[in-house]
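Engineer: Here the protein sequences come in this chain order: A and B. 77 is the number that my numbering gives to position 39 of the first sequence; each next residue is one higher, with no gaps. 582 is the number that my numbering gives to position 132 of the second sequence; each next residue is one higher, with no gaps.
Just so you know, not all the hints are guaranteed correct.
Said to hold, decoys possible - Over 10 Å on every C-beta distance to chain B, these chain A residues come out as not near it, computed from the model: (1) R132; (2) L134; (3) G152.
Said to hold, decoys possible - With a cut-off of at most 20 Å between alpha-carbon atoms, the simulated DMTMM-like pairs for lysine to aspartate or glutamate come out as follows: (4) K138(A) - D553(B); (5) K579(B) - E520(B); (6) K138(A) - E605(B); (7) K149(A) - E137(A); (8) K145(A) - D553(B).
Quick caveat, the hints were computed from the structure, so don't treat them as lab data. Using N, Cα and C, we set each Cβ at its ideal position, and we do this for glycine too.
Take a look at the letters that make up each chain.
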Amino acid sequence: MESWVEIVSAIFIYIGVIFLVISSVGIIRLPDFYIRMSAITKAATLGIGFIVTGITIYFNEVVIMNKSITIILFMLLTSPVAAHVIARAAFRNRVLFWEKTIIEEFKPYLKEHGAMPETNVDKADLPGKKQ
Amino acid sequence: MKTFIVHFLLSITFTSLFFRMVEVPYHALSAALTFLAAFFVLWLCIFFFNRSYFKKIPLVVSFFFYFLKELIVASLKVAYDIITPIHYMKPGVIALPLDANTDAEITILANLISLTPGTLSIDVSEDKKILYVHAIYIIDGDIERLKMEIKNGFEKKLLAITR
């Protein structure tokens, strides 16, 4: 009985760790800033969710279950807000999109805010410097 | 929402009373099951008083599992793309026209879109009509199809709950 609990919780924790490792590799491998943001923050959320679930199954106590539910809830609340704010700050500071990105529908909005990335527009139009 | 909070607190109270009265092993699984049973009984009892709440709880549960499924499927897709040498992704920014009106609905929708790996909500236009979403997988550059997927998936289910 006890060994079954250990095996199940170990499987959960391993899955979580694998997700975290893959997302760390993704930070290095993915082509541009926005893809990194959208791919990485959530992989980390899922990884932490799996690890915390594994811990709950292992200990099987009410106090720990309440704490882990709170942890998962706050991860789900905060991580998308952080990702959204960082991405918004990035496009307003003219962080470049990957060259294969389709931004036709986003161009009017970018022009409106004077935040057109420099690869898609003549350099003379923009006051800012390319980083 | 008020009914939900009242039921939640009542279920917690019942669970704590139950374990004080009855001699059963007290651990996470039994406590969670007792809580769910109490909540289920309260949900059945509300049938005669508050019909809309009675209909909404199954929608919330199915929405939760739908979201979990989307989260895991999209995570596996992104993970596969990271560990294989070639990038299969075709990223793009789509302008999603919103049916959600209030601030709360837009906030929840944007957060859910951000939480799914592969899509990231970048900005809302000033008149709250358009949500700009950065998506990684646009199949064959077909923007309209992805828009319809999000609208018929997340937005439709969310609006069924909030309205």
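Engineer: Can we trust that R132(A) is non-interface, i.e. its beta-carbon lies farther than 10 Å from all of chain B?
Structural biologist: holds, 14 Å
Engineer: K138(A) and D553(B) were given as a pair; does the straight-line alpha-carbon distance stay at or below 20 Å?
Structural biologist: violated, 33 Å
Engineer: Straight-line Cα separation of K138(A) and E605(B) no greater than 20 Å?
Structural biologist: violated, 28 Å
Engineer: Compare the distance between the alpha carbons of K145(A) and D553(B) with 20 Å, and conclude whether the hinted pair is satisfied.
Structural biologist: Distance of about 25 Å is beyond 20 Å: violated.
Engineer: Would the pair K579(B) and E520(B) pass a check requiring their Cα atoms to be no farther apart than 20 Å?
Structural biologist: violated, 25 Å
Engineer: At 10 Å, judged by beta carbons, does G152(A) keep clear of chain B as stated?
Structural biologist: Since the minimum Cβ distance to chain B is about 14 Å, G152(A) lies beyond 10 Å and the statement holds.
Engineer: With 10 Å as the threshold, tell me whether L134(A) passes as away from chain B on beta-carbon distances.
Structural biologist: Fine: 12 Å to the nearest Cβ keeps L134(A) off the interface.
Engineer: Could you grab the alpha-carbon distance between K149(A) and E137(A) and see if it respects the 20 Å cut-off?
Structural biologist: holds, 18 Å
In this structure, the earlier hints numbered 4, 5, 6 and 8 are contradicted, and the remaining ones agree with it.
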